[in-house]
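Please model the complete structure; the sequences and the hints are all you need to start from.
Under the working numbering, the first residue of the sequence shown is numbered 1, with each subsequent residue one higher.
In short, the hints are calculated from the structure, not lab data. Possibly wrong hints are sitting among the right ones.
As the list claims (entries may be wrong) - Below are the EDC-like pairs computed for lysine to aspartate or glutamate, each with C-alpha atoms no more than 20 Å apart in a straight line:
| id | residue 1 | residue 2 |
| --- | --- | --- |
| 1 | 90 | 61 |
| 2 | 89 | 69 |
| 3 | 102 | 49 |
To be verified - Ranges between beta-carbon positions, derived for each pair:
| id | residue 1 | residue 2 | range |
| --- | --- | --- | --- |
| 4 | 93 | 27 | 15 to 21 Å |
| 5 | 34 | 70 | 18 to 24 Å |
| 6 | 79 | 154 | 27 to 33 Å |
| 7 | 115 | 93 | 23 to 29 Å |
| 8 | 148 | 38 | 20 to 26 Å |
Note that beta-carbon positions come from the ideal geometry of N, C-alpha and C, so glycine has one too.
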Amino acid sequence: MFVSEQNVIQVRHARLDDAPFILDIYQQHIAFDDITLVTAISWIEQATEQRPVWVATYENEIVGWCSLEPYYGLKAFDHVAELGLYIAKKWRRNGVGKTLIKKIEHDSHDLNLSTIVVNIFSGNTSSIQFFEQQNFSHYGVVPNAVKLPHNDLENMVIMGVEFTQ
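As structure tokens, this is what we get:
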């Protein structure tokens, strides 16, 4: 278990019974109809020691979660992971995201991880600012990559950070 510097937020591996909370937090960010409880269970089941799903908890309440997924599916990219990071609305700007990023950085050697990449909808300026504050660099933009629920198109911002091993 990983504990934040203030000994308040704890981070642990997600369990199957966390799936409803993971789904709820995800849907606070992105309201896509095709993401269901079965999807959240699948995320947890597909997690590995090197590409985990972690939950951040405060007094046993899940307040955020993150996943590290294989990037691109080729062995040449084994040291790179795609990050998904989601914080419950009432817990945003309270250090939960920073704690999860610190956990990733702390465990990066054990995870065989030197680079993480994150894809952010261009309209999500608070997430872009958060990742900039965590020393992520802008890698690029994919125009009109995201089809939103009402068929509007949005750009995808790609950011990343490298860890020294």
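Which numbered hints turn out to be false for this structure? As far as the earlier hints go, only 2 is violated by this structure.
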